[in-house]
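With the hints as constraints, model all of the structure from the sequences given.
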Amino acid sequence: MGFEKIRTEAMSQRKAMQTSPNARVLIGTGTCGMAAGAGDVLESLESELAKSNIEADIIQVGCIGLCYAEPLIEIIKPGMPSVFYANVTPELMSEIVSDYLIAGNPRADLALGTRGEGTLDGIPQLFDLPVLKSQVRIALRNCGNIDPENIYHYVASGGYEGLRKALKIKRQEVIDEVKRSGLRGRGGAGFPTGVKWQFCHDSPGTTKYIVCNADEGDPGAFMDRALLEGDPHAVLEGMLIGAYALGASEGYIYIRAEYPLAIQRLKVALKQMEECGLLGDNIMDSAFSFHIKIKEGAGAFVCGEETALMASIEGNRGMPRPRPPFPAQAGLWGKPTNINNVETWSNISAILRRGADWYAGYGTEKSRGTKTFSLVGKIMRPGLIEVPMGITLREIIYEIGGGIPEEKAFRAVQTGGPSGGCLPASFLDSPVDYESLAEAGSIIGSGGMVVLDEDTCMVDIARYFLAFTQAESCGKCIPCRWGTKQMLDILEDIVSGNGREGDIDLLIELSEAVKDGSLCALGGTAPNPVLTTIRYFRDEYEAHIFEKRCPALACKSLISYYVIPEKCEGCGICARACPAEAIMGDKRMVHVIDQDRCTKCGTCFEVCPSKFSAIAVVSGEPVTVPLEPVPVGSKA
Amino acid sequence: MTLQQVAPTVPQAEENTVEGQVADILALYKGEQSELIPILQRVQGELGYLPELAMRQVAGFVGVPDSKVFGIATFYAQFKLVPTGRKIIRVCRGTGCHVRGATRLLSELEKELGIGPGETTPDLEYTLETVACFGSCALAPIVVVDDKVHGRMTVPKVRKLVEDEPVSSQG
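These protein sequence lines map, in sequence, to chains A and B.
For the first sequence, my numbering gives the first residue as 7, with consecutive numbering after it.
For the second sequence, my numbering gives the first residue as 145, with consecutive numbering after it.
A couple of the hints might just be wrong.
Quick list of in silico lysine-lysine cross-link-like pairs, DSS-like style, CA-CA up to 25 Å [to be verified]: (1) B:K301 x B:K255; (2) A:K11 x A:K277; (3) A:K299 x A:K341; (4) A:K277 x B:K174; (5) A:K299 x B:K174; (6) B:K174 x A:K341; (7) A:K21 x A:K83; (8) B:K255 x A:K562; (9) A:K273 x B:K292; (10) B:K292 x B:K231; (11) B:K301 x A:K562; (12) A:K341 x B:K212; (13) A:K562 x B:K304; (14) A:K414 x A:K617; (15) B:K224 x A:K491; (16) B:K212 x A:K299; (17) A:K617 x B:K301; (18) B:K224 x A:K482; (19) A:K273 x B:K174; (20) B:K212 x A:K482.
Derived from the structure by calculation, the hints contain no laboratory data.
Rendered as structure tokens:
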């Protein structure tokens, strides 16, 4: 089937859908939507529709990024703007069906926003909401809007248009277009994509490989998963364009086995591409042929590193090797290989379709275009966002993210996962681009962005990331293998109250050694979380070491739980809930926590009714409480 | 002699043995080294873990030393060398979950089940695991029992999870 025919079919399908008298209901059923309960909502929707005997087209879509609002549904009635409903439960779903689909009341009280032409009383425009207003969707352009398992949906949204354009120009012209766009690798390092392509293009040899790095391993990052689940064709089209430009006929997608839905979506997409003549021999009736294989990773963070990833595809342990030779010279099985990340590939298909100038119109001089982030942690509206480079951290955290919950104070924002760092409030007005974050000691990385509030201990965060990299170190370079271990031991000592004078200097010294002595970026960046927290939160390290105090009241060994005698009403809830049976006291008696038995699990703190708030957490300060239960109201 | 040549001679009656099961899987592959990890993934998918004999069988089939297969099986976190429990409880240790108290959930589960992460209860009922990130950070902290995701977990909720699970599984 020629591409023209496919496009005609896609457009006529879209037209039929738009002119259909049926309402359309879009429901987000990505991993996060399902985790939030979209499955039950879908069931409720189907049964309500069947019960009331009305026809509606249900379309399962990927994640639009409003994780806080999941399960999220969008209802499009003919001639009306579409209406989004957030946090839908099966009960709400049945109300929405009867009130809006049947009776025509859009239930402004439940609606989150509208999209498309026209307005509805009392419902804001979705893209006017602070959470979406400053976002620009390029890589995620179709996520949440199309059925990711239907290639016609993608084609009707301009899909494979970029490939069609690329195939009409010379290979070098495609590379020049990518260079002109200013796109830099979205996997973390930020190397200019066009320049990387040129290296591989110029390498001698007839067999070349293209790889999509979908081994998203940073804890707290899920951009690539959401993109592959929501719009796999955008990524695959990018790979085809790259393969054409570099003269590769074979490609691999290296994806985490932990992402079963994304793998399934990719398999469906590859099959549809073959059926449509977009994969295999003579793509779009041209001389260009390309094949793609999926390789499932087996759970090793280091395989995100290019040379380790290639070793893994070849069937070895995923251990990095020295560069040069670079993959562009000698990669998979010794052949020139070009590896780009999921988000980079998705940008490629957009750039070829809409032009380098359009793309370069977003972002800053050195960091063009947009970047996706998974915005999580202590934030009102966690989600998957895509913003123009150069936006400030403040805009991301306070406008898009809605600030910190429970009126807590902002402590830091962690970017770049285990390779990145923690930035304090003084950086809130810094632009988010490759240079600015690097200067501050952190990195953009693949796009994890974790907001930390006053309850988060910065020493513990450093320990957390070090524990991760230490466990994930492949063991090849001794400074990484043993250096991270020594650093972790020191950090464990500090958070458990055994820190010693000189520990901070030793950590800095070890950091330098690990950075200098490691082959790959895992070791080269592992000390970043430690170095940035020392740089910006040195006082917290000192409080742990010298005063045996955790200012955030987070480090178990340094805190104690107490019942405040003046506030305790002797209800007994905490004593019954305490798993360690460490709380003494009968009804109407001020309860007392046995400090020797207390495991500091925090259960009492959680269960004490908020009208009493009688449990206190303290660190490094003396507390006077009765040693035995006393009657409520009596002087301690 | 590679196992591909041996495979057809495995008698019908032994098809259900580990050796037979592995041979059936190997019959789907060519024996190239790049297939090593996919083969091990498939074997584990079938058997639940990688018994020593199965690893030797795979090594013979691909034509690499046993040590190479063992090296791969121990390098990647996905591979297990011992059987897992009937129920797998996984605690997310992503950053989003960590700052929302995942450590406390993990130590509670360790205490309730009497095992550490990566271990299985002696009655083979539970395996406790940690994962780097489920990517459901908006619902942090997350605990996944088999494939059911439990979001916004607390210590009391986790305790209830373990207390309730065996009962509900009977029904």
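Is K224 of chain B close enough to K491 of chain A, meaning Cα to Cα at most 25 Å? 24 Å, holds
Restraint check for K273 of chain A with K292 of chain B, where alpha carbons must lie at most 25 Å apart: 24 Å, holds
K224 of chain B and K482 of chain A: Cα distance at most 25 Å? 22 Å, holds
Between the alpha carbons of K301 of chain B and K562 of chain A, is the straight-line distance 25 Å or under? 20 Å, holds
Within 25 Å, alpha carbon to alpha carbon, are K277 of chain A and K174 of chain B? It holds: about 23 Å lies between the C-alpha atoms, which stays within 25 Å.
Tell me if the straight-line CA distance from K341 of chain A to K212 of chain B falls inside 25 Å. Holds - the C-alpha atoms of K212 of chain B and K341 of chain A are around 24 Å apart, at most 25 Å.
Does K562 of chain A lie within 25 Å of K255 of chain B when you go C-alpha to C-alpha? Distance ~16 Å between K255 of chain B and K562 of chain A Cα, so the pair holds.
Would you check the hint for K212 of chain B and K482 of chain A, treating anything up to 25 Å between C-alpha atoms as holding? 16 Å, holds
Pairwise hint evaluation, K255 of chain B against K301 of chain B, where the allowed Cα distance is 25 Å at most: 14 Å, holds
Are the Cα atoms of K292 of chain B and K231 of chain B separated by 25 Å or less? With a Cα-Cα distance of about 11 Å, the restraint between K292 of chain B and K231 of chain B holds, given a limit of 25 Å.
Sort out whether K341 of chain A lies within 25 Å of K174 of chain B, counting only the CA atoms. 22 Å, holds
For K299 of chain A and K341 of chain A, compute the direct alpha-carbon distance and say whether it is at most 25 Å. Holds. K299 of chain A to K341 of chain A sits at ~17 Å (cutoff 25 Å).
Consistency with the previously given hints is maintained throughout, with no hint failing.
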